[in-house]
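Asker: So the chains spell out like this:
Protein chains: 2
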Amino acid sequence: MTLPGLSATPLYLDCDTGVDDSLALAYLLASPEADLVGVGSVSGNIDARQGAVNTLDLLALAGRPDVPVAVGAHDPLAGSYDGGAPSVHGRNGVGDVALPPSGREVAGESAVELLLRLSHEHSGALRVVAVGPLTNLALALRADPTLPARVRDLTIMGGAALHPGNVTPVAEANIAKDPEAAAEVLAADWDVTLVPLDVTMADVLEESDRKALLEAGTALAPWLGEVLDLYFGFHVDTLGRRCSALHDPLAAAIATGGVTPTLAPRVPVVVDATAGPGRGQTVCDLRGRYAGYPDVPGARTRVVLATDAPLTPHLMERLLTL
Amino acid sequence: MTLPGLSATPLYLDCDTGVDDSLALAYLLASPEADLVGVGSVSGNIDARQGAVNTLDLLALAGRPDVPVAVGAHDPLAGSYDGGAPSVHGRNGVGDVALPPSGREVAGESAVELLLRLSHEHSGALRVVAVGPLTNLALALRADPTLPARVRDLTIMGGAALHPGNVTPVAEANIAKDPEAAAEVLAADWDVTLVPLDVTMADVLEESDRKALLEAGTALAPWLGEVLDLYFGFHVDTLGRRCSALHDPLAAAIATGGVTPTLAPRVPVVVDATAGPGRGQTVCDLRGRYAGYPDVPGARTRVVLATDAPLTPHLMERLLTL
Numbered sequence: 001m002t003l004p005g006l007s008a009t010p011l012y013l014d015c016d017t018g019v020d021d022s023l024a025l026a027y028l029l030a031s032p033e034a035d036l037v038g039v040g041s042v043s044g045n046i047d048a049r050q051g052a053v054n055t056l057d058l059l060a061l062a063g064r065p066d067v068p069v070a071v072g073a074h075d076p077l078a079g080s081y082d083g084g085a086p087s088v089h090g091r092n093g094v095g096d097v098a099l100p101p102s103g104r105e106v107a108g109e110s111a112v113e114l115l116l117r118l119s120h121e122h123s124g125a126l127r128v129v130a131v132g133p134l135t136n137l138a139l140a141l142r143a144d145p146t147l148p149a150r151v152r153d154l155t156i157m158g159g160a161a162l163h164p165g166n167v168t169p170v171a172e173a174n175i176a177k178d179p180e181a182a183a184e185v186l187a188a189d190w191d192v193t194l195v196p197l198d199v200t201m202a203d204v205l206e207e208s209d210r211k212a213l214l215e216a217g218t219a220l221a222p223w224l225g226e227v228l229d230l231y232f233g234f235h236v237d238t239l240g241r242r243c244s245a246l247h248d249p250l251a252a253a254i255a256t257g258g259v260t261p262t263l264a265p266r267v268p269v270v271v272d273a274t275a276g277p278g279r280g281q282t283v284c285d286l287r288g289r290y291a292g293y294p295d296v297p298g299a300r301t302r303v304v305l306a307t308d309a310p311l312t313p314h315l316m317e318r319l320l321t322l
Numbered sequence: 323m324t325l326p327g328l329s330a331t332p333l334y335l336d337c338d339t340g341v342d343d344s345l346a347l348a349y350l351l352a353s354p355e356a357d358l359v360g361v362g363s364v365s366g367n368i369d370a371r372q373g374a375v376n377t378l379d380l381l382a383l384a385g386r387p388d389v390p391v392a393v394g395a396h397d398p399l400a401g402s403y404d405g406g407a408p409s410v411h412g413r414n415g416v417g418d419v420a421l422p423p424s425g426r427e428v429a430g431e432s433a434v435e436l437l438l439r440l441s442h443e444h445s446g447a448l449r450v451v452a453v454g455p456l457t458n459l460a461l462a463l464r465a466d467p468t469l470p471a472r473v474r475d476l477t478i479m480g481g482a483a484l485h486p487g488n489v490t491p492v493a494e495a496n497i498a499k500d501p502e503a504a505a506e507v508l509a510a511d512w513d514v515t516l517v518p519l520d521v522t523m524a525d526v527l528e529e530s531d532r533k534a535l536l537e538a539g540t541a542l543a544p545w546l547g548e549v550l551d552l553y554f555g556f557h558v559d560t561l562g563r564r565c566s567a568l569h570d571p572l573a574a575a576i577a578t579g580g581v582t583p584t585l586a587p588r589v590p591v592v593v594d595a596t597a598g599p600g601r602g603q604t605v606c607d608l609r610g611r612y613a614g615y616p617d618v619p620g621a622r623t624r625v626v627l628a629t630d631a632p633l634t635p636h637l638m639e640r641l642l643t644l
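Chain order of the listed sequences is A and B.
Just so it is clear: in the first sequence, position 109 is 109 by the working numbering, and no numbers are missing.
Just so it is clear: in the second sequence, position 186 is 508 by the working numbering, and no numbers are missing.
A hint or two may mislead.
Cβ-Cβ distance ranges computed for the label pairs, FRET-style [unchecked claim]: (1) A/Glu105 / B/Ala524: 36 to 42 Å; (2) A/Ser87 / B/Ala613: 34 to 40 Å; (3) B/Pro387 / A/Ala187: 42 to 48 Å; (4) A/Gly83 / B/Gly614: 27 to 33 Å; (5) B/Pro544 / A/Ala275: 48 to 54 Å; (6) B/Thr582 / A/Val236: 57 to 63 Å; (7) B/Arg464 / A/Gly298: 42 to 48 Å; (8) A/Thr321 / B/Asp511: 45 to 51 Å; (9) A/Ala309 / B/Met638: 19 to 25 Å; (10) A/Gly233 / B/Gly614: 37 to 43 Å.
Covered, in the sense of this in silico footprint (three residues per stretch, anywhere, with C-beta under 8 Å from a C-beta of chain A), are these stretches of chain B [unchecked claim]: (11) 360-366; (12) 473-487; (13) 556-569; (14) 597-604.
Quick caveat, the hints were computed from the structure, so don't treat them as lab data.
None of the values given here were measured: they were computed from a predicted structure.
No residue lacks a Cβ here, since even glycine has one placed at the ideal position from N, Cα and C.
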């Protein structure tokens, strides 16, 4: 939340809400370091319109009807929306939980228009956090290639560096769902921090955490506990027990300084947009491994490989305030 | 060496000799578990013809003029020989050391013909160890698709699984020099063990080891010490000090049982033969990471991710006997 007089960073969130997107959104709302000035939705875990509705509902539960929510791209740059991930995020994106409808409408502008407007209003200060496919950001770059000059930094949840992918052997879902967009975004001249599976699989929420959310007695947290139920079940296959990976909230926490990368070299990153077996891979040049991963001169993308502290206790502390 | 009466495994070595190829060849000659029945050369570290000459010279120094050496493919399946790696292996492939000429001629048959002949002579028993680009093996498969049925197993030094590449961010040299061949070889129906950079970078020879070779007082080992000099210098850039990675000898030691893989799941492996940023990558499906890397049903390639013991002392013990 933004406290009067506190100099919080204006932050635009681009997301496909989505269970872990919900956690990232809530984390940002609970973080005094961030002033959430707008949210754009994009098809990914769920279609862009439903993702926007979910975002409005969560904002209403958090008592933040002031944050504009704009609908973004329905389809990736190439091809069309794949139908999302109903087995992971539910048919409605929030674990098939019927959130209380906010009664609010989405913004009259598109996600691209919202992002570009905010980049002018907060020129040089705006932080961008992207936790879905990068379609909106690529379209914004196409509409206005000067955008990066007005953005303080861009933090992306996406990719896999020295870690297996989660939708192909080498591709992570956010990048795989729109490799062409990711390639354009990572080729542009912003200060980018990539938060890949290498670190987002490191910490989880356990059933005890979910129980604490359910019993928080606050307005939003118990709903997050409900939303997590289906997502916990999905992780039995990958992690062997009911729990939740924390992909999107880790990117939010790194963007706002709640978690600090301890190993995050700036290295060349290229997205594989071929039709081959590497499609959707973030090809990170980490050949400096045996030299301790020095920054590569001229590279602009920080690839986070390690962080200073586990996310879970910090995340829970903040989520329980809402 | 093959001792009379000892039942050693007939083994065909396909190589691009090459400094670490020289170590692998010497290791096999010193290993009672292996009966080296033939060597084929392929362009890689050096051109195929010079690689064969180097192999003949090393065999002569080891007192093994009985092993046939056949010249294989000069060019990869697509494109042409790239000139090798003179800064790594020297202009002659053996660290610019002038080995005493063997006086022997290469075999009258090609490497493909030699491999196919040996596969009939030792049908069901022949082990194949490939430590260069896989051009010869792909051509042998094209010439006779029934080859895998007569080969006991195939051990390949090549690729990178969860480790950076060494010629691109994701590609290792042996695969990168002929991705089309590697794709064909890994798609065929043999019992394949892939020995990637993930494990071949784990152990090195140090200057003390090289000194021991130089002072061995035997016929071959001091020459190996000389051959290693340039290669030791190359590793200053990657490993920070004069030393030698042990790519090819590790594959030889795993093939003969001198080193045992302790983590080597059978998983789908596809070679990226596109023109994209992933060209030459061995795309290994290691998404079973959080389940302890179980074998994937139907997969035929073992990807070695860990071994039981360091290679260096075992390798040195054997090299010092020659």
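Asker: Could you run down the list of hints and mark each one as holding or not?
Answerer: Checked hints:
1. A/Glu105 / B/Ala524: 36 to 42 Å: Given about 59 Å between the Cβ atoms, the range is violated.
2. A/Ser87 / B/Ala613: 34 to 40 Å: 18 Å, violated
3. B/Pro387 / A/Ala187: 42 to 48 Å: 57 Å, violated
4. A/Gly83 / B/Gly614: 27 to 33 Å: 32 Å, holds
5. B/Pro544 / A/Ala275: 48 to 54 Å: 52 Å, holds
6. B/Thr582 / A/Val236: 57 to 63 Å: 33 Å, violated
7. B/Arg464 / A/Gly298: 42 to 48 Å: 43 Å, holds
8. A/Thr321 / B/Asp511: 45 to 51 Å: Between threonine 321 of chain A and aspartate 511 of chain B, where Cβ atoms are some 59 Å apart, the hint is violated.
9. A/Ala309 / B/Met638: 19 to 25 Å: Violated, at about 43 Å.
10. A/Gly233 / B/Gly614: 37 to 43 Å: 21 Å Cβ-Cβ, so the 37 to 43 Å window is violated.
11. 360-366: This one is violated; 0 residues, fewer than the three required, reach chain A with a Cβ under 8 Å.
12. 473-487: That given contact holds, which follows from 4 residues of the segment 473-487 of chain B lying within Cβ reach (below 8 Å) of chain A.
13. 556-569: This one holds; 3 residues, not fewer than the three required, reach chain A with a Cβ under 8 Å.
14. 597-604: Per the Cβ count (5), the hint holds.
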